[in-house]
Every structure is written in C-alpha cells, then in structure tokens.
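**Student:** Working from the sequences, and respecting the hints, build out all of it.
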Amino acid sequence: MAGGWISRWPVVRQLQGEDGRREAARSRRTDALRPRVEEADTVARSVCPYCAVGCGQLVYVKDGKVSQIEGDPDSPISRGRLCPKGSASKQLVTHPGRQTHVLYRRPYGTEWERLDLETAMDMIADRVVRTRRETWEQTHDGKEVRRTLGIASLGGATLDNEENYLMKKLYTALGAIQVENQARI
Amino acid sequence: MAECHPVGYQWVMEARERGAKVFHIDPRFSRTSATVDRYLQIRAGTDIVLIGALINHVLTNGLDFREYVLAYTNAATIVSEEFRDTEDLDGLFSGYDPESGRYDTTSWAYEGDTGKTEEMSEGDPRHAEAAGSDSYGARGAGSTATPPTDPTLSHPRCVYQILKRHFSRYTPERVAELCGISPEQFAELAEAVTANSGRERTTAWVYSVGWTQHSVGVQYIRSAAILQLLLGNMGRPGGGIMALRGHASIQGSTDIPTLFNLLPGYIAMPHAHRHDGLDHYLDREGGDTGWWGNRRAYVVSLLKAWWGDGATEENDYRFDYLPRLTGDHGHYATVMGQIDGKVKGYFVVGENPAVGSANGKAQRLGLANLDWLVVRDLMVVETASFWKDAPEIETGELRTEDIATEVFFMPAASHVEKEGTFTNTQRLLQWREKALDPPDDCRSDLWFYYHLGKLIRQRLGGDGIDRPVMELTWDYPEEGRHRDPSAEAVLREIGGVDADGRPLASLRELKPDGSTSCGCWIYCGVYADGVNQAARRKPRGEQGPVAPEWGWAWPANRRILYNRASADPEGRPWSERKKYVYWDAEKGRWTGPDVPDFEEDKPPSYRPPEGAKAQDALAGTDPFIMQSDGKGWLYVPSGLADGPLPAHYEPQESPIRNTLYGRQSNPARRTIDRPENPYNPPLSSRFPYVFTTSRLTEHHTAGGMSRPLPYLAELQPALFCEVSPELAAEVGLENGGWATVVTERTAIEMRVLVTGRVRPLRLGGTTVHQIVMPYHWGYGGGGLVTGDVVNDLSPIVLDPNVYIQESKAGTCDILPGRRPRGQALLALIERYRHG
Amino acid sequence: MAERMGFFTDTTLCIGCKACEVACKEWNDVPDDGFVFRATSYDNTGALGADTWRHVAFIEQDSRWLMSSDVCKHCTHAACLDVCPTGALFRTEFDTVVVQSDVCNGCGYCVPACPYGVIDRRERDGRAWKCTMCYDRLRGGLEPACAKACPTKSIQFGPLEELRVRAEERVERLHAEGMTEARLYGEDPDNGVGGAGAFFLLLDEPETYGLPPDPVVTTRDLGEMWRWAGVAAFGLAGALAACFLRRS
Amino acid sequence: MPRRRDEMVPDAEFRSYYGQPVIKPPIWHEPHMPTYLYLGGLSGAASTMAAVARLSGDRRLEFSSRLIAFAGGTAGAAFLVAELGRPERFLNMLRVFKTSSPMSVGSWTLAAQGGLTAVGAASAVTGVLPLVGDAASLASGVTGTLMATYTAVLLADTAVPIWHEGRRELPFLFAGSAMASAGGMAMLTTPRAQAGPARAATVLGAAVETAAGAIMERRLGMLSEPYHSGKAGRLMRASRVLTAGGGLLAAVAGRSRALTALSGLAVTAGALCTRFAVLEAGRVSAVDPKYTVVPQRERLDAGRPASVPGR
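Chains as they are written, first to last, in this note's numbering: chain A, 427 to 611; chain B, 25 to 859; chain C, 899 to 1146; chain D, 4 to 314.
DEER-style ranges, computed between Cβ atoms:
#, chain 1, residue 1, chain 2, residue 2, range
1, C, Asp1086, B, Glu754, 42 to 50 Å
2, D, Arg237, C, Asp1086, 41 to 49 Å
3, B, Asp464, C, Gln959, 47 to 55 Å
4, D, Glu301, B, Glu754, 39 to 47 Å
5, C, Glu1075, A, Arg460, 37 to 45 Å
6, C, Glu1075, B, Lys562, 35 to 43 Å
7, D, Glu301, C, Asp1086, 14 to 22 Å
8, C, Gln959, B, Thr695, 41 to 49 Å
9, B, Ser192, C, Gly1056, 54 to 62 Å
10, C, Glu1075, B, Ala636, 54 to 62 Å
Mimicking EDC-like on lysine to aspartate or glutamate, the simulated pairs with C-alpha atoms at most 20 Å apart in a straight line are:
#, chain 1, residue 1, chain 2, residue 2
11, C, Lys1051, B, Glu41
12, A, Lys488, C, Asp927
13, B, Lys478, B, Glu512
14, A, Lys488, B, Glu441
15, A, Lys491, B, Asp465
16, A, Lys491, B, Glu457
17, A, Lys488, A, Glu464
18, A, Lys488, C, Asp1034
19, B, Lys603, B, Glu624
20, B, Lys603, B, Glu623
21, B, Lys611, B, Asp592
22, B, Lys562, B, Glu457
23, B, Lys611, B, Glu594
24, B, Lys366, A, Asp552
25, B, Lys611, B, Glu623
26, B, Lys366, A, Asp567
27, B, Lys603, B, Asp625
28, B, Lys478, B, Glu503
29, B, Lys412, A, Glu537
30, A, Lys569, B, Asp303
31, B, Lys478, A, Asp542
32, A, Lys569, B, Asp490
33, A, Lys491, B, Glu441
34, B, Lys602, B, Asp592
35, C, Lys1051, B, Asp61
36, B, Lys188, B, Asp174
37, B, Lys562, A, Asp500
38, A, Lys488, B, Asp461
39, A, Lys491, C, Asp927
40, B, Lys412, A, Glu539
Read the hints as simulated data drawn from the structure, not as lab findings.
Every residue gets a Cβ at the ideal spot worked out from N, C-alpha and C, and that includes glycine.
**Tutor:** Next comes the structure, spelled out in structure tokens:
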C-alpha cells in the first residue's frame, strides 16, 4: 500500500521524469474522470418546457434522479442547443424549493396545512359536484344552455395536448364553459 | 426573438450570415435589436400605421406580385354596395352601432353574398360576436366559391381599389408623426421588403405578443397578412407570418383549446341563441365550400370520441350534451364573475393570473371571493398564496382572516415526469418520453383530471344533468404505480379511429355518419398506422431541411401551410430558387419536400363543377383551401368584429391624439367599466409617459418556472424599468436607484436602468418617453427574487375579436424612489385619480 | 496526446442569452453567484470568478450593444498553473488548464497570478475554481456544456489550430463587409501568454470588455525575479556577516 | 459609460468594463498573510544570523537567534496553514516541487527551515546532540536567506502591477526588513553586551529596507500610487517612520535598555507595517483597472506588445 502511495507521490513521479505540471500532478480522481452522462441508467427524449420553439432535450436519469438535461443534437429545430432557461431545466425539476406536497388552506385560515393526496382529491370532487348542482343553469333567456357558470378553469400553456383534451372533455361534459387558457392572454 | 426565443433565433442569425437583411421593429431595444441589420424604434401601439404605409407603398408604386395577387387573393372580388369604409365615415366602417359599440357586419359582404350572414347574440343577434372560431373563415352559409370579380382590378368596389383608397392616408409622414420612424428609415424598410419579395425572393414577418396584446391586435396581424399576400409571400418557403408563441404548448392549447369559445380543431362552441340542433349549428357555422365544408364530419367525429356508442344519428350524436354559450365567457369576464360572486370554484392549472394577467388587483379580488380554488403547479405561485401575501393585504384592502376562499395546492409533475405531446410554435407535435416518476404528491394534470373525472362520476347519478358526464367515454388504460392514464391512449383518441377502432391515417377519412371518431380533426392522423407519429425522431442529419420525419405537424404533417401557393397557377415553381411544392404532370401529383397542402392529385387545371361542395368547390388554382373561395383574403367580408380592413386606432391609454381618423381608439374594443378597472384618461397630463411590458431571456412569464431557480434568478435578480437618459434627467431617476410607476390601477416600484437604448420619440412637435418593464416578478411564488407585479399596472381593455388584453401599450407616470407602503399607497393613487 | 482543444468565442454572433453561464453551472454544479442587481446593463454576475465560469459582458455604446461571453483563456503559458504549489492545477492531454478540486488546498496563489482575473477562491469551500473546459466531457468525447448550449454558435469549440484558421477567415470576411473594427484577441501564439486556448473575436478594445489589452504571464519574468532574490539573499548573508565582522 | 478619468493621472484616460477590476485582487487575509511574510523573514534572517554567529563564535547571540528562527518559522507556518482555504490539506504543498511556483519553492524551503531550526533550537535548549544541532543551524543559515527573500518573489510573481513591476526591489525591501526584524528581535532577547551584531543588523537592515522602498516607489512611477494614498499609504508612512526611526534609535541607543527595546520594537512594528502595506497596496493595485490597463495600453500604443519566448 505504502509503495503505491509513494509511487503515486508526484514528487517521486517527477523524479522518474514525469512533468510536474502535467501527468505527475494528476490525482487518481482526475484519472478516473468521465462525463456523468455515460453512467446514466436511462435517457429520455424530451422537449423543453419553456417557450414554444420546442427544443429537443435529452434527460439522463441515474439512480432514480435526473442527472443531466441537455440539448438533443438530432433535433432539426434546435440542433442540440438550449437557451438559459432550457439549460436550467434540470434545476427546474430538481431544485430543493420545489413544492411536492399537497397544501390546504381552510376558509379564513392563516396558514397552510398538509393534506394527503387522496383526501384532497375527494374534497375537490365533492366541491365540483356540489357547486355544479348549486349553480346549474338549465335555461338562459328561455334557451336551453345546460351549463354552470359557477366553476371556471384557467390553464397554462405548458399543458400537454392530452391534458388539455381531457380537461376540455371533462369540463364540457360537466357543463363548465368558462374554460380558459394562457393562449388567450 | 433573440430575447424570448434564442434557440429559434439561430435560424435568423444563420439567414443573416447568408445575406438576409433583418429588421427589428420594437418599442424596446432588446437583444434582438442588437443583432440585426436595422433596428426601428416604434411607439407602442402604432404598428398598423407602419404596415399600412408599407401596403400603401406597394399599392401606390405597383409593387405587388400581380400574378400571385390576381390568382391567389381576393383582390379582384367585388364587395357589396352597402359597404362604407373608414375613409367615408371618419374612422368607422359601415354597420356600427354606437349604442352597443359593435358592428353589424352584413354590409361588409361580397357582392351577392346576401344569404344568411352572421346572426349573433347577446341581445342583438346581428352584432359581430367576439372570439369567433376559424369557421368564420368560411364566410358563412349562402355564399359561393366564386363571387363576382373584376380581373382588371379597376372596378371601384373591387377589393384592390378599396384597399388603395383605404390605405392612401398611411404615408411615411404619418409614420414619422405617429410611430416615430423617420421617412428615411421607412424608405429603407420599404425598399428591403419589396426588393426581397416576388418570384425569386420572399420576406417573412415574425411577431409575438407585441402584436396581439392590443385593443386592435387582430388587425395588426391582418395588416401583415395583407402585405404578405400583396407581395406573394404566403405559402412559400422563406415567407409567411410567423407567430412566435411563448409557451411550450400554447399552440396546442389553442388547437385543443382550453378556451371557452372553441371545441378541438377550431370548431365553435354552440351558442344558445344561434344554434338549435346539430343541423342548424352546422348550417350557421360557415359555408359549404372549402375544407370547412366537411365540418359535419369533424363535429360528428368529435362527438363520437366523447360520447362513443351513445352518440347516434338519432340523438344528433349528443350535440345536446354540449353546454351553450350566451356571450363572452372569457378570462376577464370570468374574473368579473368571481368579483360578483357568480363564480364559486376555480381551477388554475400551470397558470398564475395573480401575476400574469392584466389588472392583478382585479384578479386577486376575484380569487378572494371564491368558495374554493385549486391551484396545480410546481411551486406555490402567487395565485395560490394571495390570501397571505397579496399586495392588497399590505394595503388593508383584504384581510387574511376575512378571506373565505378554500385553497388546494396540488403539486404538479414536471415535463420529464410525464409523457405527452407539446405542439410548438410551428404546429409541430413532439412526444416527450417520461424520464421518471414524479416525487411525493406530484402528479401530471392528465392524472389529476382523469382521476377527478372518475371521482366525480362516482358521486353522480342518472339525473338528466349528470348524463353527459356519466356517458362520457372515460376509460383509459392505467399505467404505473400512480395509475396514470395512458397518454398514448388519449393521443390515439385525439388522432381518430374508424368504427373498428383502427387509427385513421388522415382527416380525409373522417366521416359525417358516425363511423369515425376523432378528438381533434386537425390532429387526425397523428396516430396513423397505430404509430405515435409525434414520437418520430429521425435525426436531422438523416433527412432534408424540412425534416418531415421529426415529430408530426398538423394538418397531415404539412410543414408550410397553403404551400400550393409556392407554385404558380399552372403548378410550376415560381422560380428555381424558391421551388417547394409543385405539380408533377407526368405522375399527375403534387410533389416536393413537404406534404402538399392540397389534394395530391387535383391538377392545376381543375375547375369545380356547378354546385360542388367542400374542397371540390375549389379550383386547382385555389391554394387557400380553408377559405370558402380558396383565396387569400386581403379584405375580410366576415368573421372580424372590428372591420374588414385594419385601421389605426390609438391604444385605450395614449398620450397622442389619433391624427388618422376622428376616432381615438378602436370603436369596437371591449372595455370593462367598473371601479376595479379604472382607465387613465387619454391625452392625460397626469399620465404623460407610455409604458410597455416585455420579457427577458433569463425569465419565464410570471416567474414561477424561473425565479425559484438560482441559476436564472441570479441573472436578472430584480424588477427594473428601462428609461432613457433624457427621461431620467427630466424626472430625477438614477441608474441603479428606485422608481415608482403610477397608473389609475396602482403604483409599483422597481429598480432603474438608465440606458441609451431607450430614446425619446419625437413625434411632430411632441416628445414621447417610453418606459419598458419586464413582467416576471411577483410577491412570492417561491422566488429567490421577488418584486412588484407589473401587470398590476395594465388595464383590462380587450381586442373585440379574441378578447386579449392591451398590455403592450399604456400610459403612466414615473416618480423617483420607492413607492409608499400600506394605506399611503392607496392615498397616492387617490391623488392621481382626482388629478 | 490528444490535439490541443480550444474555444473561439465570436462576439459578433453573441445574443447575450447567457445559456453558456447556465449550461456551465448545470454541468459543473457551480453554485449561484448571489442575487444582486448591478445596474450594469443586463450583466448581474459581474465577472468571472469561482462561481461564474462563463460570464457574458454587456456593453452599451452609442448605437450598439456589445455582448461577449468571457471564459478562462487556458493559456499556453498559464500563470495559475505555473504558480500552483500543490499541483492541483495541471495541464491536460487537451492542453487545457484544469484545477483538481481534490488536490487544491486553497492557498490562493493562482488568484492574483492570473493576468485575466479568471480563477478565484470560493470562500464557502476554500478552494480555487475556474472553467475546466468540461474536462470530464472532453474525456468522453463530448463538447463543453457552454459550447453545446450556445444557440448561435458564438462559442465554438474544437481543435485550436482549426479554430485559429476559422477565426482568421471570419475576420477577413467581416473586414470585407466593412466591419473593420473586428479583431481577434488572444489567438496569437507569440503574445504575452504564448497564445490563449480560448480566444475571441471582439468589436472594440479588449479593456472595454473587461479584458487586459496586453496581458503577460507573470512567470515570464520569474528568472529575473529569482536572480534579484538571489542577489538579495547573498546580500543578506553578506550584510549579516559584515555586522559580525565590523565588531571583530 | 465604461470610460473613466482619474483625477490623479490626467493623461491616463482609459477604458474599462464599468470600472471593474481586470485582475483579481489577492484574496489572502489579514493578519495571516502579512504576518507570515514578517515571521518568515524574521525566521530566515535569524537563522542566517545564528549561523554567522556560530561561525564567529557569538554563542549567546546564536542561542537567541536559533530560538527566534525556530519560533518565527513555526508561528509563520501556523499562520500560513491558517491562511489556506483547506488547512487540512497543507501537506499537499509537498505534493510536487515546482521551480515555477515561488510558493512551492517556499513551502519546501519552509519545511526545511522548520525542520532545521527545530533541530537547531532543540539542541540549543537541551544541549543534546550539539553537532547535529550545529549542522542543522548552519544549514538553516542557507535556507534562511531564501526564507527572507522568497516571499518577495512570491508577491512579484503575480499579475498585480505594483508587485510585479516592483520585482527588482521587493527582495531587498524584504531582505532588509527581515534583517532589521531579526536584529531587533535578537537585540531584545540578548544581553546588551552580546547584542552588538544584532544592533548593527538592525541598523543596516532598516537602512536597506528604507532605501529599497524609496527606490522601488520611484521606479514604479504611476503604479506606486497605492503606496501614497489610503490605508496602504498610511501603513507605508508608518513603516518608514518606525523602520528609519527604529534603525536610528538602535544606532544611538547605546546603553539604554529602554531605548534599545524601543528601537527593537519599532523596527519590528515597521517590518510588520511594511508587509501590511505591501499587501494592501497590492490589493488596491489589482482592484483599480487603471493600473492594469494603462501600462498595457501604453505598451501596445508604443508598438511593444508583450511576448513570451517559447519555452
């Protein structure tokens, strides 16, 4: 062991003729350096979530965590390039400030409370059903309208097409017509 | 574009390197301005004057691409005798009702189109309704594909002559006086645009919300459309008008709209007063010619997708299950409904109106008056936390303990934690693979709505009002440990299947008889051959520049719309240089690197037989196949709420008098005259400065996806305004110091960047100072950096066509120093309100 | 040994988006540099340092707005590397200059040695940090994160010799187009640092961008320094001896 | 906007990036680094003095000098280690040997110096192995000259204009200062009768230090501004007064113990002030881009750009 240590000691390597500013100075860690994307368990082909250019992203996952997001060079749109926001995508999904738990503020409450997801879903479903009933409008000015103006929705434009589709489908069936989107704004 | 779409901008830089001349026209000298050939500073809200003058320049000097114009536009079409232009009525078109502030558009029709023109609602059925769908493009029932024309373009009522008269007052002198662009600068622009259009060359226009967020925004785009049609720049490579949209799938959000007035594929939501049954609805919603002539197939297939086997010919395919509109149910109307207590429950999904929508105070007052609010996002955005940290809490207008709103914050999955498609700004659908499961309680919106739907269905009964929900097709396969609904199954439904459940290859296979179902007709074929076409990823190096095998563009994977126009009427390329889609007579097909936006085998010589319907009614020389006459519309006979032609009106709030017409602002604009939404009076000395809002490269929209990130927050850590050295000296602002910007709505504070990039505009005898503010900051949102909300300054005044607010041009005052706190802020605003 | 690799940063193509700053930080796990509004145009990170390895400068002039992404120059004669007492700084097989964070003991000597003010000590962890030209990526055949992200290819990465040729051609072309102010900075192998491994095409004097106009590697004069120090050392010995001699 | 004019040098109009530094200022902390520079110099000169004293047979003075050399070296090393960003890695200083790095040379020298002076001091105190002690002490007399002067190269071998351009005089400034420090300290710790050479060293060292400083400032020209203004200026003036005064006092103190002590303390304080002044002036010189840009710009304008002969 000691021999290994001594033979790696840069001064000894210098004496053996290695350059003290080059190879002799290298540490074991340096010798072992590789790009971490090589160790990824999976790579997903994705699309940047910010603007509408639609730059291709490669999402590298290692041990159940995103280890890197960078441009997809195959993309004819972006050719592997990303802007500062696109380049910050890994931070977007991994930063410690991200809120990952359901929060609940009761009427007149002054603080957030924690709620488990299932309870929250049940409570929301209850409220939709109740409000829909209470605000149901079968006719308007003598015309059949079959709707509620009591429930509204505003969606951002980072929603997937599939998500928008289910939203519009469900709301329309519920009779909620005030369904709006960033696209208006 | 460099500022907000940097990666898209690589192509502009590349074009420039190859010799393209690039102009940037903007009130703000941005990173784009720094990297173009010529920057033209324009007063916010005057673009129609500039484009109008370009149109005038083209028309006066005969610089239009005559062969293209004659064959492909409605220049020769003759307009009804009833029509009166702004030239005749001093800034009004015929049909204006001062009482309601709306137009009856009957008189705008083509000669002979006297059939059932638009009948609209909200009391008076003849008034143009806003936020119309694209089916208006079909000109309404009762029209034909071949209205009367004058190919010599000399008939005084032909579109070409109307255009000439209408734009004659848009001169370089007016441009100088209203826009602040000198005649020399204008001449350079006009020369470049016209010299780079025609057979051999094309010019493209690129715009963003700087054109849409105005009380006359749609007409901005219209003016560009007129110019581009006159110059022959539509449907051709390197031409067109490109909307640079600001969100990953904002195009998708319009195609598959979470918008009140639309069903998927730009199909109009039915209206209580205009439509009784399906037939009536289809009859009213457009003409029979052009591709909209197939709308029964589109609508029936949609209803089949939603109500499945329960939707039959006998029950009108459950058309009655669709709720009915009775007017404006848009975002701002909804907010007023909240303030008035009519809206009880509100879902806000990946959106942050407390910061991102005009008049933030009205937004928050609305939120504070709800029974319940569900916010789904990555961070606790300001919309979710308004009850504890809104500015109104500080001023005492709201008290946390008095706000009854019950708030659910539901953490969302990020873009890598779910699969699905985004539709980018070029109509390109790209499938995202899921990289990993979302953490903790985070779920996709797909999961949320699917499971919410299931829970709601468990709670409903067989009641009449519940049947549309109970009978809804809602049975997607579940996957993974969170029981996510299969996004591919949803996409398959969107893309359409036949009676046997086999995916459709193209929208031409859609049937009006209920034998096909399709969730969004323009996306039909996205799952052709049972393959997720949007997931295609053939590397760019392995295909040509059009890259048709990367993702999938609607419709039918066409990358340039109306590309039939890239060939001359005989089907030959206009030039070798601009060869794109053309007729191969030998094979009897249209061909080229793109999918032809035309029936592949319809020859240029095709002429429709009498009484033909849908696409069969269009000739082989009609490239604009969605239009009832197949022509590009220089003049819009129906479908617009504020005129068949663009006319310059000043913004609602402007320090300048409109010298073009006796009308100061758009007569058809929508105002909301309520105490929550006061307007600065026009030409007010209390609010002498123009402000415009903008974005920065380093941030995203209301900041929820950028301010919490250290790597972005450090790059632009504070809200600031950009002011000219002259204004700084006039008001006493210091670079790096603080300023307070005041409007009738409220006052906000920000840091000051004094920069020579902003210049005072000399307009005739007056000088106008413009103040530029990025709007990314808010009071919370988990931001590492926070700041006042710029949209709190913007009034709610809407474009009458699409109900977009005018946030790109307003007036204000600016003071040195920080704003007063608490009650003192309200006192300051009071002082301004009462002069 | 591999070819010498380098950066050619063409500021005429820079749009000031700062993707390079962010991509660098994401890859190299560089902490943020604080949230300070500096009121220096759009620049809020100020300068290269331990926590900013790519830095975009914004210079507002009469009719133009210059932007330039600065980075470690990876000098042929690198003062930081010369003066590093631990061997933490070393020259790689790509002829780049890299700090080994597992070796650096934070002596801080490299900091004032650099004629460009690039390397700095991160006080939070006591070590010196700077651009590595993504040494780990290079070892895997990948390009550095900043060059990969750069939307307009203002940052070009490649074999240094190729870049030099490309840059010469670019300058010629710009001159022909009338941009006579275009000039290369740092590419000359005969300059004070023996040629930079990261060089630039600028549109104004280097000092306008915060760059030294004529930097020189301090160790060029080291021999002279040692000689004078030797004289002083002998002098000291002699003088002390004299102190004793005088008395006796 | 990025243009600025400095009142003090009307001709030196120059451009910069928002007035920001071009180079990074040295990050070494006070009092660590200047104290180390002082202690290293003290130890170096003291060990040389011990060696000379050994040769000339001044055993009492040799004894004091050995202890001073050891104490100074040890304390200096402690300050140096404390200065490191990662003190636990101080041994990495001996990982390589680089002649291109004055700090590497210095570290090896310091290691040798520390070992030799320790042996020398231990032997002197305990009387054990006197021959070994003497050999070590004599050897440290050699390393000592390097200890007293290498720190000048350490500073000069940077991009800091006021240091780099002062590279000729700095070694003499530091050598003189070290000599005065060692002399002064030896004076304080040696009975007057045996302290004659120490007194002489004090006087001579102070004279060299003063002269070297004056020559350096004159030759630096505009670059020397930081030595005249602000904190560095005050320190430099204090150093002048203390060093020159201490030197003179040492020369005339004669039999007065109090005056001798005062002179010793004065040169010590002066030597410390010198190190603090040089460090502070270096910081100022680095922070103001003028000192970096103007000489380089002048060089270019004169058509004499810097170059490095291929190595």
